[in-house]
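Please take these sequences and the hints and turn them into a complete structure.
2 protein chains.
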Amino acid sequence: MGKLLIVGTLAFDAIESPFGKTDKILGGAATFIGLAASHFNVKSAIVSVVGDDFPDEYLNLLAKRNIDLSGVEVVNGGKTFFWSGKYHNDLNTRDTLATELNTLAEFNPVVPEEFKEPDVVMLGNLDPTIQQSVIDQLTTRPKLIVLDTMNFWMDNTLDALLSVIKNVDVLTINDEEARQLTQEHSLVRAAAKIHNMGPKYVVIKKGEHGALLFQDTNVFFAPALPLEEVFDPTGAGDTFAGGFSGYLASTKNNSFENLKNAVIHGSNLASFCVEKFGTERMQNLSKEEIEQRLTEFSSLTQFNIELQS
Amino acid sequence: MGKLLIVGTLAFDAIESPFGKTDKILGGAATFIGLAASHFNVKSAIVSVVGDDFPDEYLNLLAKRNIDLSGVEVVNGGKTFFWSGKYHNDLNTRDTLATELNTLAEFNPVVPEEFKEPDVVMLGNLDPTIQQSVIDQLTTRPKLIVLDTMNFWMDNTLDALLSVIKNVDVLTINDEEARQLTQEHSLVRAAAKIHNMGPKYVVIKKGEHGALLFQDTNVFFAPALPLEEVFDPTGAGDTFAGGFSGYLASTKNNSFENLKNAVIHGSNLASFCVEKFGTERMQNLSKEEIEQRLTEFSSLTQFNIELQS
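Those protein sequences? They're chains A and B, same order as listed.
Counting along the first sequence from 1, when you hit position 208 you're at 207 in numbering that gives the first Met the number 0, and nothing is skipped either side.
Counting along the second sequence from 1, when you hit position 270 you're at 269 in numbering that gives the first Met the number 0, and nothing is skipped either side.
Calculated from the structure, these hints are not laboratory results.
The structure presented is a predicted model; accordingly, all values stated were derived computationally and were not measured.
We put the beta carbon where it would ideally sit given N, CA and C, even for glycine.
Misleading hints may appear alongside valid ones.
[Claimed, not checked] Covered stretches of chain A (chain B as the covering partner; in silico rule of three or more C-beta atoms under 8 Å from a C-beta of chain B):
| hint | region |
| --- | --- |
| 1 | 205 to 212 |
| 2 | 225 to 232 |
| 3 | 239 to 248 |
[To be verified] Residues of chain B placed beyond 10 Å of chain A at every Cβ, according to the derived structure:
| hint | residue |
| --- | --- |
| 4 | G76 |
| 5 | T92 |
| 6 | E112 |
[What the hints assert, rightly or not] In silico lysine to any residue, SDA-like type, Cα no more than 20 Å apart, as pairs:
| hint | chain 1 | residue 1 | chain 2 | residue 2 |
| --- | --- | --- | --- | --- |
| 7 | A | K205 | B | K142 |
| 8 | B | K205 | A | E207 |
| 9 | B | K205 | A | H208 |
| 10 | B | K205 | A | D89 |
Structure below.
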């Protein structure tokens, strides 16, 4: 069984989409990563922080998925990180209505002893100084460190972000953010520049248009599954990251061929995430459903042209 | 050897892109379709019209590719169709600067006797009444009729367009146009509605984001090859259509499995088209380059996950 160390937010989300709106529901990068990774043969731990307003019900939900929560600090009298957003009609763009850091503002992550030598580290989207602090606490360099980030950190803490990017093996980032980070419109060129920043592998997420995996001149592309309806994209990127890192922690094989499979597994799980609000779909997802959709991914992309060379 | 009947424009194009601008150069849907299809084992014929300002050099270029031009009417004293456009910085959007129909305005297509029983008909993007007239001249119903169109005909001649769409087997259309035609944002739902309009197969082209092939509940996706630089997208959709229909005419196999291959061949050829202005890249394209890039398409998309079911 592989060991996966996750750092990221546990949060309350309030979401508006063309299909409705929610009250404060369970959200956060670490939540989606943990739920997605739990479908693989891994022992995961989440390093995060919440206030004492965070329901036991949410923590139990994660604990039941074989996720170690000893690295989750509960701040007495503190409030949990809160994010609120409203999606536009095309669901590709959104406005952030509120971001309340609360307990996250003063968070000092502590990696549990048992997870200081993980197989894979998944640094979910949050402050790069927190991501670096998690790396610094490891006793041996793990086989693979994956970092997810977003434009907010490029805008506000670029130096710290570039510093931690140097130390990771895989950067997962969306297409517009890759362009912002590198000042290159071509994603091929953007990926080449990111390689030069440190990461051996670059994953560029294009939402409904799929995801690209780069390793120098090797490129792999996984489409998003065409869906009748995308209900709520919140957490899709984190779910991708959880499927990606969870699969790699369970297989302990970091070849390009196996990273291709990890991209497919991540895309597959993300395709479920967007079907309902928040974590709802991810909480009720069977092995059979996952396998069935993997076969759909396969028939969606696999062809058999006779190549003469 | 398969027979492919092509109707479409032969044109002068003047193009501005972030990389430069051209004078009047060779363009037109039938030009790009014919050049692309010429890479397969087919005898093609173009049905079109030009003025006597259209250089013999351009006609010779097509004739040398084994394309029958007896269906190309040359109007003495007439002027050839002219299109001018300017691409924005992202190359995904463009402004049309000029559209001069000229001889195209009064065009009555005449299908050469030898091509009244083709294997495949490729109805390139032009007035749907011209597309229908070509179908009406056929002596037997061909195995496959493919129609390409664009938003201009939806805006201006929707009834005529819907009428000819009823009579075709494959509609190729871009994503925004599919949404406009069906009033459905989801491409899965848009394809289902288009099936109900007549076509058994629907190809939705997403430019740099690839192309989707639908046949009822069967879906196949071909990515666009990630390129360092897209120079000029003009003709990419027509080149796709030419590769798609040319491959199908040469193989005479209209199964879903073979249409998947046709989508890959179309995408492969389109990936070359955008590398230079106009037809420049398509005029100097070797069998070896095409084969080499097909192997890139294969490694870009093929994976090997063990499926349990």
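Discussion item. Hints numbered earlier in the text: which of these fail when held up against the supplied structure?
Written reply: Result: hints 3 and 7 break, sorted rising.
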